[in-house]
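Student: The residues making up each chain are set out below.
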Amino acid sequence: MSSTLPALLQVAALGLLLALTVPPLARYLAHVYSSPRHLAGERLVYRLAGVDPGADQHWRTYLTSVLGFSLVGVLALYAFGRLQQHLPLSLGMSALPADGAFNTAVSFVTNTNWQWYSGEAALGHLMQMSGLTVQNFVSAAVGMAVAVALARGLARTSAEGRVGNFWVDLVRGVVRVLLPISVVGAVVLVALGVVQNFDAPHLVGTLADGSQSLTGGPVASQEVIKELGTNGGGFYNANSAHPFENPNALSNLFEIYLILLVPLAMALAFGRIVGDRRQGRAVLAVMSILLVASIGLLTWAEMAAPGSAPGAAGAAMEGKEVRFGEAGSALFAAATTGTSTGAVNAMHDSLTAPGGLVTLFNMLLGEIAPGGVGSGLYGMLMLAAVTVFLSGLMVGRTPEWLGKKIGQREMTLVALYVLATPAVVLVGAALAISLDAGLAGQQESGPHGLSEVLYAVASAGNNNGSAFAGLMTGTPFYNTLLGLCMLAGRFLPIVFVLALAGRFATQQRVPSGAGTLPTHKPLFVVLLTGVALVVVGLTFVPVLALAPIAEALQ
Amino acid sequence: MTIPFRLALIKMSPRQLLDNPVLLVVEVGAAVTTVATVLDPSLFAVSITGWLWLTVLFGTLAEAVAEGRGKAQAASLRQLQQTTTARRITASAERAARPVALATLPVEEVPSGSLRAGDVVVVEAGERIPGDGDVIEGVATVDESAVTGESAPVIRESGGDRCAVTGGTVVLSDRIVVRITSDPGQSFVDRMIALVEGSERQKTPNEVALNILLVTLTAVFVLVVATLWPFMDYSGIEPSVLVLVALLVCLIPTTIGALLSAIGIAGMDRLVRRNVLAMSGRAVEAAGDVDVLLLDKTGTITYGNRQAAELFPVDGVTLDALARAAQLSSLADETPEGRSIVDLVHTRGLAQDTTVRAGAELVDFTAMTRMSGIDLPGHRIRKGAGSAVAAWVDNTGGRMLDELDEIVAGISSSGGTPLVVAEQVADRPARVLGVVHLKDVVKEGIRERFDEMRAMGIRTVMITGDNALTARAIAEEAGVDDYLAEATPEDKMALIRKEQEGGRLVAMCGDGTNDAPALAQADVGVAMNTGTSAAKEAGNMVDLDSDPTKLIDVVEIGKQLLITRGALTTFSVANDIAKYFAILPAMFVVAFPQLDTLNLMGLSSPESAILSAVVFNALVIVALIPLALRGVAYRPAAAEVLLRHNILVYGVGGLVAPFLGIKLLDLVISLLPGI
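Protein sequences appear in the order of chains D and W.
Going by this note's numbering, the first residue of the first sequence is number 1, and it counts up by one from there.
Going by this note's numbering, the first residue of the second sequence is number 1, and it counts up by one from there.
Simulated from the structure, these hints should not be mistaken for laboratory data.
This one's a predicted model, so the numbers in the text were calculated from it and none came from an experiment.
Virtual Cβ for every residue (Gly too), placed ideally from N, Cα, C.
Incorrect hints may appear among the rest.
[What the hints assert, rightly or not] Computed from the model, here is a short list of chain W residues facing chain D with C-beta under 8 Å:
(1) F365
(2) T369
(3) A455
(4) M456
(5) F588
[Unchecked claim] If you only want the chain W side, here are some residues facing chain D, beta carbon under 8 Å, derived:
(6) V208
(7) L228
(8) G288
(9) K559
(10) G566
So that you can see chain D by itself, here it is in the shape it has in the complex (with noise of 0.2 Å):
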């Protein structure tokens, strides 16, 4: 196949990439979250909010601060899409429904960034700039405060409980990291072509005699902070799609790369915090391995396009951009679902049937692969919670983690945390199929149309944001009802996690020695994988039979 040269390098490019940047980036975050020292930007910062620096957080403190600082997001979002005609630069947009602008306002909130709306006919400027593109920001660095919770809570012994200053973090995640990253990216961004504008809407001639209205943008600097916080929510409709927001092959690497930056650089920053920089390549062996995997199986199957439609076209082109390809499509699709982003640059809809079984399985898995910023680190390490209660028995003590025990309570935590996504998933699929309201979207029916509602869900469950298309979501009840997961789906998580750092950091550490479980060697490597596989497939592969299995094997 003369395309695959072309592929394997792409990816090789990428890997190499990756490899010179993310442990910099994990030095550097893990001294951002634990060094001693403000800036001067932040403590003005804090002085104006009104909120101690200095003041280590016990956990229920900090997870209040989570949800309230959460919980203003959302109001403001709100009210922003309800009151947008009224706000400068709308462009003449109209205000949003309420049951439209509540999903929005927890969209954003959550890092979904599901859009129902197409960006460009729905909102304005300002709009986008200051309610979302903020959202962007913030939304990503709370995911990364509540993972830095965790590893600290692990680092720390008899601590009472505290496991850092919430605003502390979520500034320095904002300031330090986010913010820096994302002017770099936005000039790279616009250097490869991506508009930056504010110009009126222009009006075009096309070829065939009519005329359209092509609205720019500040595009590169919303496209940015979307890719690097894993937000994934697109100026365009097309989203990465769009020419203006990815022109080219180059951009759409450097998108890819954006994606998985942080994710990857939080397992690492992982180890650091924890003093034992071995555990953290650990969890980002198990990163690797998965997102390495869902990679190969996803170029896999849309170069070698199965199923009898591609087969008869002679490439799965449908639904791809021609200046990406297969291998771009599916590079991009493996990245942005393997994090929660939920950008797209193909639509997953028009994916080969095994193609799109890896993206949903991606998203199934919770996000770890590597995940959300932050919440992959914090779900993978969830699911470390879980291998080390098995293997740890297996080793003839009851279960410690990094000189942690998993006692009743921590165990109560983590198994609320293994059942809330999946419950959050399976019964809002069960519920969308099973009444009209939600069978009233379907493009398809049968296995396909199953697989699209289940996507919807699983994506808003997940906090992914992709959407696999084919289904009319931007109805009230599916507005409401992707948007309670959403809501379940990042903040049950959360408070689980919170809970779980402060028993660690309660604990005292105990001293690891040759009858303790090593947590940072290739049999753990090979057991974390293994559970979060087994974990996912248990909970889903019935439905998934049902759905897109049914349908590759046709």
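Guided by the hints, dock chain W onto chain D, whose structure is given.
Tutor: The following block gives chain W in isolation, referenced to the frame of chain D:
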């Protein structure tokens, strides 16, 4: 086997199953399919329902069998509890009596069951001791075989560390006065009965945590199966309650759910079989977690007596001459040291002539002379501490040699005890023949056990009253990681506290009253049965054999218990993968014939596939009961080695076994007409 079956049936009542959510779900499922079967009977429905009920029965059977093993032991212990008449010293008389001997005071006869802590009773030869207590006056031999299984009588005496007596044991000689230390119903035997029967069993912390995981898995699968209904409905497959319940029961972790409590009971039972009584399951679990073992030198690491290890002749004396003299002087010496000298000479094949000539007169060891020996006509032999023998030699006009000083200093610095041997022939000046090296002999094989402990990440610390020099020498020879020399009970306590502050779990054993605080402080405290009531009260285990080496066994049993739990959980979860491959194609193939590709096992029909999975799921519980009771094979090794081994056996094994098992069952079941 009828008794366990009857017990298992009783345990199937929903109220009893509240403690076991996994089996409760199976039972509810079985009830649901029973109704479905009545409404729409078929051979398939009857078979599924029957096997679901059997699954519940097999699940409760595991626990019943485990408990049954303790019943017999409990029955023999109950015989100890028969009421006897106790002779209690009246309280007023006791108060007025001191310092008069208690045994002479007036007594009143009361039933043994009415004795309370603090009462004082008199027990004479041939009588049963009416309750647990401490001997406060007198000394007696006691037959404790009913409790310990050891037939040789033991000595119990007031004061000291051998004062504790157990109710129900029999005094064989003499008369003792005992102060009762337990109230009715709370005696040692009462607790033993409760323990071996498992009637007072509470879930241990790790069991609770594991149960939470099992409940979670069950909840996930209930959710999976419940939501499968609308998904199937949408896909045009009519959902069958029978099949969905069968799927649910196959998926939830029934194997480990059924065996979990049996594993715990069997772990306690394994300890009981080695004559160790754990007062709680929590203690057994803690034993698996132990990081530091504090071991008393005497009796655990060494045989406890100094023994002759080497002979060093001086001044041109032959080895044989020294051996002969040493042996002569020790022939009548009944101390362990003396006997060990004779043994050493004998095993080395030296000085075969052991006849003692007539006229021999033994010189006993006294604190004054610090020498012992033998006087023969015209020949006197002495052996003893270097300085004492030097004084004797000097007295007779003999002289000491520099060579000797070197040997003595050498033995001392190696932790041994030098015994200098000298002889005087006629009235000539005495001369030194050589030195016997007495040393604490380290038990055979103990070094290897410490190596195993180290491999498991457990640190061993030797506790001894010896000086640092001796302690270090023995520590090196035995291969312990550390030692505490000239240890007082306070030192021991401080050491335990220090280790615990570092987050480590400490195990120790002890017998004396002064060990009690340390036994209570340690995470695992094994009290010797010969010890005081205070020590037995403070520890969380009692070793009826009073063998301090048992501590190592206790740790291994604790680890084996935890490994068994983890291994069977992994096995149980790994099983699910094959069950999916059996049941899902069978359920969906009606609407999606292409899903037959997933029928990897090539099962003959959907009904046969589902029934085979259900039958396999039930039978695997029965098949694993022996493993749960016995515990998985365990040999000490580093964590990683253990993990790799257990993952291979129980993880990969759990993945593969059901593929084979279900296929085999399908071959049989497909022969049944009507399925």
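Student: Next, verify each hint and record whether it holds.
Tutor: Verification of the supplied hints:
no.: 1; hint: F365; in the structure: violated, 47 Å
no.: 2; hint: T369; in the structure: violated, 52 Å
no.: 3; hint: A455; in the structure: holds, 6 Å
no.: 4; hint: M456; in the structure: holds, 5 Å
no.: 5; hint: F588; in the structure: holds, 6 Å
no.: 6; hint: V208; in the structure: holds, 5 Å
no.: 7; hint: L228; in the structure: holds, 5 Å
no.: 8; hint: G288; in the structure: holds, 5 Å
no.: 9; hint: K559; in the structure: holds, 3 Å
no.: 10; hint: G566; in the structure: holds, 3 Å
When each numbered hint is compared with the structure, violations occur for hints 1, 2.
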